[in-house]
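Engineer: Taken in sequence, the protein lines are chains D and B. Going by our numbering, the residue at position 55 of the first sequence is 55; the numbering climbs one at a time, nothing skipped. Start counting at 1 in the second sequence, then tack on 229, and there's your number in our numbering.
Please keep in mind that the hints were generated in silico from the structure rather than gathered at the bench. The hints are all genuine.
Dumping the calculated SDA-like pairs for lysine to any residue here, alpha-carbon to alpha-carbon at most 25 Å:
#1 K487(B) to V22(D)
#2 K403(B) to I4(D)
#3 K415(B) to G202(D)
#4 K31(D) to I240(B)
#5 K356(B) to K375(B)
#6 K236(B) to I218(D)
#7 K403(B) to A193(D)
#8 K403(B) to D488(B)
#9 K489(B) to F12(D)
#10 K415(B) to A193(D)
#11 K286(B) to E21(D)
#12 K375(B) to V171(D)
#13 K319(B) to A83(D)
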Amino acid sequence: MHFIVEGLNTAFLLIVTLNREVFEIVLFTLKVSFWGTLLSTLFGVPLGFLIAIKDFPGKAVIHTFLNALMALPTVVVGLTVYAFISRQGPLGEWGLLFSPGAVIIGQWILATPLICALTISATQSVDTKVGLTALTLGANFVQEAFAILREARFSLFAAIIAGFGRVIAEVGAAMMLGGNIRGYTRTMTTAIALETSKGEFGFGLALGFILMTIALAINFLFTYLQRRR
Amino acid sequence: MKTNKIKILFIVLTLIVILPFTIFAEERLKLATTTSTENTGLLKALLPPFENRNNCKIDVIAVGTGQSLKLGEQGDVDVVLVHAPELEEKFVKDGYGINRQYVMYNDFIIVGPPEDLAKIKGSKVAKEALAKIAATQTPFVSRGDKSGTHTKELAIWKAVNIKPAGNWYIESGKGMGEVLNMANEKKAYTLSDRGTYLAYREKTTSIILCEGDPILGNPYHIIEVNPGKFPHVKKELASKLIEWVTSKEGQQIIHDFKDKNGNPLFIPTAGQKWQ
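Chain B with its partners taken away, still in its complex shape:
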């Protein structure tokens, strides 16, 4: 009989732990964004004040830019925060997004092994650097996943009229951290956003070989999913969120946000226009 009591007690305890999910009292807003925004930890700093003031929770779905915009096109999220201007413009033009606002900016860099076999060190023109890499066929790791970084990389190849192909061009289909790791292992070049590289710097021997070219600019925009197309989206909360991230206070949080080594990762740019 004692063993039965133990069994019953155990079952009761398990059920308590495994209780069905409580129905959340707050409203939930779905934000699709890129891995670079989420992984830097910026959203963890930027969103809670908004959540508290509006008694809501923001569900951050961090996938590549391509997937984020796709989620917007399907009406599966309420708002998107991405960094691929051409894709975004198409998104808005096709009627999926409204109220597109410029939020912040950082830049991309080309990193690679200290040996720098393609001799691109100190390059100020990104497309020339990539052209040299292609010409010498030194290994280059691409994100290959329609992310903002990948989109930028393709734009630079296009600017110098090269279609990268061959064993030296490695299309990994992986996130930025993993790609930096791969580039380190294979002594290859890659295009990275500065924030992820800085966060990863101690784990890699890759160094910055090309930076500062205006084409390497990386603008982030926030876009509301069009309630005209998708009546179910939380349009008041979504437009309030856009107001928040472009407000003085929100922009200040972005400005003050630094990585663990004290480097600022994003430059707030609300009110400006990305060319």
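Here chain D stands alone, though its shape is the one from the complex:
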């Protein structure tokens, strides 16, 4: 119990004294999570949309496969990407391992199935009349797509928020692919894992509280934007 209190105290102190290392970690976490979510959205939304509206053989299989991918442990995703970008792997020449880019790639792969699956369900719940109306007004395929997605924007926003949550909270992939390098690839979650492994539960919790606060702030912001549109 005492380390929960210790955690709260330490969190407060770290914020108030503008602890440099913690700030760097927070900033890095926000950067990779932003890029990871952005890339997943750019891939997941169009892909999800196409899967939702087109009928093709094996559609149910793909949808089921996507849902299964969401249940993948983050460390498994980390290991798989590691196999590709390690020097021994096919993409070894690029020297991507243990860099911020590697962390972003891992998060991209983690969030894309999630955003994709949620986009499918968001698209499917839009009234078919919306698409048809757009077509009668002379829309081409892209314009029709945008009309449908606009209609589903509330759920799409929720999908993006979910994707963001998935990447900012994960530790398995970031640890494997980034290496938790101090001052370079240390995220909030890998820092928490490190402190915990050192037995510094209070400090780990402190970082956890800071992460929670940031996640809350960002979610308040997203929800605000979601409502305004």
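With the hints as your guide, set chain B onto chain D.
Structural biologist: Structure of chain B alone, referenced to chain D:
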């Protein structure tokens, strides 16, 4: 219209904060090492002078010894600093490492609850202490993760021909700090490096029950990943780093490095040979 301006301003601010990563001008050298070296804070004291003089950054990837050597075998790092002599010798023999140098030394200790049900207190022979623990089946927490500490623990069991198994032998797969915590909670024995135990002493009731046996010696070596096998490794920087940690100045930093209670954590040993 005002709300649109606010939105635009907000987006611009966000983009500034979230700017793409700057391309680092300095060279980056990847060092895989063990959690015990990094967690004591030694590298934070030892590496910056080298980084400044050579205008480079050292990326320290702190994982267990087993994983560090594996990273070396895959060519994913340029240099390794570990503490498991048998594994290191195999690493070099198999052609993955060159220029292996002895850097520093500390020791392991067996710690446990003050109640000491296995009665090993004051033991000067580690393998006998472990044998007593096995015989009485008192709980023992193992790192279970192929770390340097785990490798040493297995070597001692081997020395007394015991294969530990049973409910009393807890293979946790955790870092040293967490294992000390677990041993404290479960009133169990464990093998720890002295540095981590000293750092953790206030949070635990475990006490030192066996120390000083030569088998408990813990040598750290630094090894360059073989550029013959992996042409992409930063061989000049790597060999300069090895020169640095074994140099008079580097060794002095190791010698002067103390934990927050003023205890020296490592003994510099460059130039000597570990038997």
